[in-house]
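There are 2 protein chains.
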Amino acid sequence: MSSPVPAPAQRALPASPIAETRHRPLPVPAVRLVGGPLGAWQERNGTATIPHCIKQLEASGVLDNFRRVVGESTAEHRGFVFADSDLYKVIEAVAWEIARSGTHTFDAWLDDVVALVARVQEPSGYVHTWIQGVAPEKKFAELEWTHEMYVAGHLVQAAIALARATGRTDLLDVARRFADLLDERFGPEGVDGICGHPEIESALVELFRTTGERRYLDLASRMVDLRGHGLLTVGSLGAHYFQDHRPVRESTAAVGHAVRQLYLNAGVTDVFVETGDASLRRAMDAQWSSAHDRKMYLSGAFGSRHRDEAFGDDYELPSDRAYAETCATIADLLWTWRMLLADGAGGAARYAATIEREVHNALAAAVDASGTRFFYANPLQLRHDHHSEENAPRERASWYPCACCPPNIARTVAQLSAYVATVTDGALWLHQLAAAEIDLPAELGAGTVRVVTAYPADGRVEIHVDAEVVSSGAALRVRIPEWSSRSSVLGPDGSHEREDDGYARVPLTPGATYVLELDLTPRLTTAHHRVDALRGAAAVERGPIVYCVEHADLAHEIDVDDIALVPDAPITVREGGTLAVRCRVIRAADQLYGADPSAEVGDEHAVIAIPFSTWGNRAPGPMRVWLPVSPR
Amino acid sequence: MSSPVPAPAQRALPASPIAETRHRPLPVPAVRLVGGPLGAWQERNGTATIPHCIKQLEASGVLDNFRRVVGESTAEHRGFVFADSDLYKVIEAVAWEIARSGTHTFDAWLDDVVALVARVQEPSGYVHTWIQGVAPEKKFAELEWTHEMYVAGHLVQAAIALARATGRTDLLDVARRFADLLDERFGPEGVDGICGHPEIESALVELFRTTGERRYLDLASRMVDLRGHGLLTVGSLGAHYFQDHRPVRESTAAVGHAVRQLYLNAGVTDVFVETGDASLRRAMDAQWSSAHDRKMYLSGAFGSRHRDEAFGDDYELPSDRAYAETCATIADLLWTWRMLLADGAGGAARYAATIEREVHNALAAAVDASGTRFFYANPLQLRHDHHSEENAPRERASWYPCACCPPNIARTVAQLSAYVATVTDGALWLHQLAAAEIDLPAELGAGTVRVVTAYPADGRVEIHVDAEVVSSGAALRVRIPEWSSRSSVLGPDGSHEREDDGYARVPLTPGATYVLELDLTPRLTTAHHRVDALRGAAAVERGPIVYCVEHADLAHEIDVDDIALVPDAPITVREGGTLAVRCRVIRAADQLYGADPSAEVGDEHAVIAIPFSTWGNRAPGPMRVWLPVSPR
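Chains as they are written, first to last, in the numbering used here: chain A, 1 to 632; chain B, 1 to 632.
It is possible that part of the hints are untrue.
Stated by the list, open to error - Derived DSBU-like pairs (lysine-lysine); straight-line CA-CA distance at most 35 Å:
(1) A/K139 / B/K138
(2) B/K138 / A/K138
(3) B/K139 / A/K139
(4) B/K55 / A/K138
Unchecked claim - Under 7 Å between C-beta atoms, here's a sample of chain A residues computed to sit facing chain B:
(5) V234
(6) S290
(7) D293
(8) D313
(9) D314
(10) H386
(11) R394
(12) T525
(13) H529
(14) D561
(15) Y593
(16) G602
(17) A606
(18) P628
Stated by the list, open to error - Rough simulated footprint, nothing fancy, chain A against chain B, three-plus residues with beta-carbon under 8 Å:
(19) 266-278
(20) 305-311
(21) 378-385
(22) 516-530
(23) 583-596
Derived by calculation from the structure, the hints in this document are not laboratory data.
As the structure is a computational prediction, the values presented were derived from the model and not from experiment.
C-beta: ideal position from N, C-alpha, C; glycine also.
Just chain A, same shape as in the assembly (with noise of 0.2 Å):
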């Protein structure tokens, strides 16, 4: 089997759903970060990261063992039964990163390792190495456990990725053949079967819209349709751990694993956007609105249990105990996006809001400085006394013995560009406020659209129409995030306003410029009173970006956990991007339980308040997002 190079309307992109759907995406190349954040973080991303995850690949001993199933090493099997996906997630990343820049350096890399993956699969299509080297007798037997088709997934991500970027085969046809298997034995004519780990739904309706072979998306389908039916053996952890506890259209809460859940709701929008499937469509929206109206963080975050890795009951979430996997707000990425492109009820402009907060936020909190150590828990308070967990160290970690999290952000910061805009029919979709070329799909007209920005930093973004030729009556949508006061495009045509959609319309006029300023003064955010964790506290942010109080500026007789926030005073911006908060510090007996408080709250000073997302970059510490209001 040889599979075809996919078309060009396929090229890079990450999400392309055949159906009809009002947002179309653009490729990875289309789209260019260029001088802002975003930008940066792809060019760290390709330089540092991913060259790390590859050194890791071999520290860890997952390329190791794929070579012991084959001779070629004598290493014992390490690693979680599911580590074979670090590999696809990286190659993955690799791929995204050759669409981005062009780089050859990854390219003998990838001989490698796809001629590794290609030695190891068996004839049968077969490739999983615990499996075939420790316990071959499992093959398929306790799905629950084994992953086997969660690492399927990723290995059809993986090549897709790597086809789009780079017109090569090789890996596809190895990923088919898998996909193959497994449709021959958990296909219409196979028996019922599904993984404990979500995340071959959405692989396979991207190899169905790859390859053109509807029985993929049949696949999808019926894996969907056969979940929470009980076919898991579940154990103590219980049916909600492995989505198994309800049927999808019945399912409108988001709980379990929350991996597990996003990964499902991602896999699910894909089968409803091919399908057409109204009863998946509206338990998806659903989903959304319990995912995001009543569980998560307010870094974009999800998950508030250690215990089971789930999501919390409505409003369970704690600062402190958050549990927050990073590959839990990668996951709703993918969902979130997918739902922005079906266009879902949430509405464009309330995911595309959702996506800037996850990325500049939980995401880039999740990363260093270097680009090379990473958090798999993100918290959004850390505690004076804390001790290092196995998944929520106090400091982030180079590499995890669960090594999910730091591949799954190279390969998601490699395709950031994707995120960016859209295109419906007559408008390109300006839904990240970044810094970046874009490439004007033909059907508008040939040339780039400018974005020249400093944002987040700055709120100055001015845009502009570099192209010649545009179809008539062409517009750019522009979101303006609804905490700025200010919401209007200026233009040489004058001025054009938010509109109810969250969006200002701007005619693509050729050579034209436009200008929107947005109001980056420093705001005060609450939560909804049943949030018990948040109550009687505040948090700052300033445009996305939301701000935490750490040690490491305090005073060293100061703890974090004893600042209480001036609500009425004014917040001011710093060099730099930091911020200066008027607060209190609390003293108080050593009473836990009393009458009175007790608190007796000192003279109001300046603390300094710094991005979330650059937290832990100085020695660990305590850290907080949420401070408590001072009373007076």
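Starting from the known structure of chain A, arrange chain B on it as the hints suggest.
The following block gives chain B in isolation, referenced to the frame of chain A:
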């Protein structure tokens, strides 16, 4: 070997130091709880809870686990590796119940099970049905997991209780043989080894107290000394979980698995009482402050984390995710009682007040009104959409796969009377103001001190000295809780004020009656400002009773999570001991985060609050102890 019958001085004493301690305990039968809630609870424990536990030992397979080892059953082993301890705890409960009530109801059952355990015991002294019947190759090979010494500890405690309560020493013979085996293997001449779950330490010290054999105390000391030096293979749970993270003398913060930490502390306290080791005493004083000044729930519960069943960081006390295992409260009762006897730095009044808080709230809430259903986890808040978890269901269960809690409740309630009073040179100390008859210790006189009261339902406490002879200068020390605005005991000789140690001093005058009128005005309690989970909220307390608001008392359309307390309004006591609290209903938009809390606070009206200990006795549903305080 035949164990001596315990000396009369040890009869029916749950904890019985040999070393001189300021406070000396009174035996279970010397204090009779009559006419009050604790007495009624003991009755229910004897007639409902203990028989229920006995039935469950059969139903859950615990007894079959023993029978199958000696070929008397063909059943598979059921339950966890430590399931034998369920039986031993029930035997201990039966023993104290016999001491308390003189019942013969359980005599035949006792004969059966004691003989069964004796048949299962190997000639070496070893008895542990999981090892013997399932994995003999693991005998003493995986001490972190097998709970062999934990199970031995409960066997020893049951045997001592039975000997002290009834004089029968057949189980004590069995227990000593096992203890002797442990001493041979792990004693000074043996290998270094400690159990993954502390418990044996206290049991060995009590075995020394019962038998007078110093080697049991030495073995307990040795196990305390060996802990915290990395003897256990801890895996991903980390050394904290197993209490092996730090030498006991250097471990000043309560961390890791809460039940293990608190059982360990009870054992360490037993050791320093008998050895006089000042470094252990210092560590225990610091531990007690850590657990009670920074990590205790208002209900007297411990353990903020479901993950690892662990203590949280300082001030990490979420109501909704309180793990608050029933066994942790019981372990703390055991420890705090020993700290009282040991004259620890916390002070007798504080220890006694802690015991009162624990018994009337966390422990009482763990059993339903019928005495046959139990909570394992005891959260202080249940949300609307909470789904049951294995150890944290929405409502009490009749048993658990890990059934540590129900038998632990049974043995604790059966010995409650032992916590009421102590004797020091020249004084009888009344720590708990329960309706009771207390036999005057011979050193003080001959007769009974009779406490007549409906406390805590009513604040009037009458103390009758029904004695004809009292030793010269003998006094009664009466604890007067610090929440009471009235703090004096009135007698025929005038008024006796609470002294600095928290107790009034009253002469033990034959025939005299003393009256204490406690102020039971309901009060609002708030928490230390560092407790993020409780900021802006207050709890209602009355005397030692913590209250909660439960859905069953609210109008249909009002949610427990939408109620705000009017802080300065009077709280009314209703018939039956419930309260009427003035509240407002909060109504809010759906927005999770925003510039404005956007909560509308409705009209003031009365909401019923019930004792936390009685929640969940109607339809299961939302509950909360801590209520937001209305901003206006």
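Going through the hints against the structure:
1. A/K139 / B/K138: holds, 29 Å
2. B/K138 / A/K138: Measuring from Cα to Cα gives roughly 26 Å; hence the hint holds.
3. B/K139 / A/K139: holds, 33 Å
4. B/K55 / A/K138: Given that 35 Å is the threshold and the Cα spacing comes to 40 Å, the pair is violated.
5. V234: It is violated, given that the least Cβ distance between A/V234 and chain B is near 11 Å, above 7 Å.
6. S290: violated, 9 Å
7. D293: This hint holds: A/D293 lies near chain B, its Cβ roughly 6 Å from the closest one there, short of 7 Å.
8. D313: holds, 4 Å
9. D314: Interface hint status for A/D314: holds (5 Å vs cutoff 7 Å).
10. H386: holds, 5 Å
11. R394: violated, 11 Å
12. T525: Because about 5 Å separates A/T525 from the closest Cβ in chain B, which is inside the 7 Å limit, the hint holds.
13. H529: This interface hint holds because 5 Å falls under the 7 Å limit.
14. D561: Result: holds, 5 Å to nearest chain B Cβ.
15. Y593: holds, 5 Å
16. G602: violated, 12 Å
17. A606: violated, 21 Å
18. P628: For A/P628, the interface hint holds, since the closest Cβ of chain B sits about 6 Å away, which is under 7 Å.
19. 266-278: Three-residue rule not met by the stretch 266-278 of chain B, so violated; n is 0.
20. 305-311: Contact hint for the stretch 305-311 of chain B vs chain A: holds, 3 residues under 8 Å.
21. 378-385: Three-residue rule met by the stretch 378-385 of chain B, so holds; n is 4.
22. 516-530: Coverage by chain A holds for the stretch 516-530 of chain B (8 residues, Cβ < 8 Å).
23. 583-596: As far as the stretch 583-596 of chain B goes, the hint holds, because 9 residues have Cβ atoms under 8 Å from chain A.
Hints 4, 5, 6, 11, 16, 17 and 19 from the list above are not met by this structure, while the remaining hints are.
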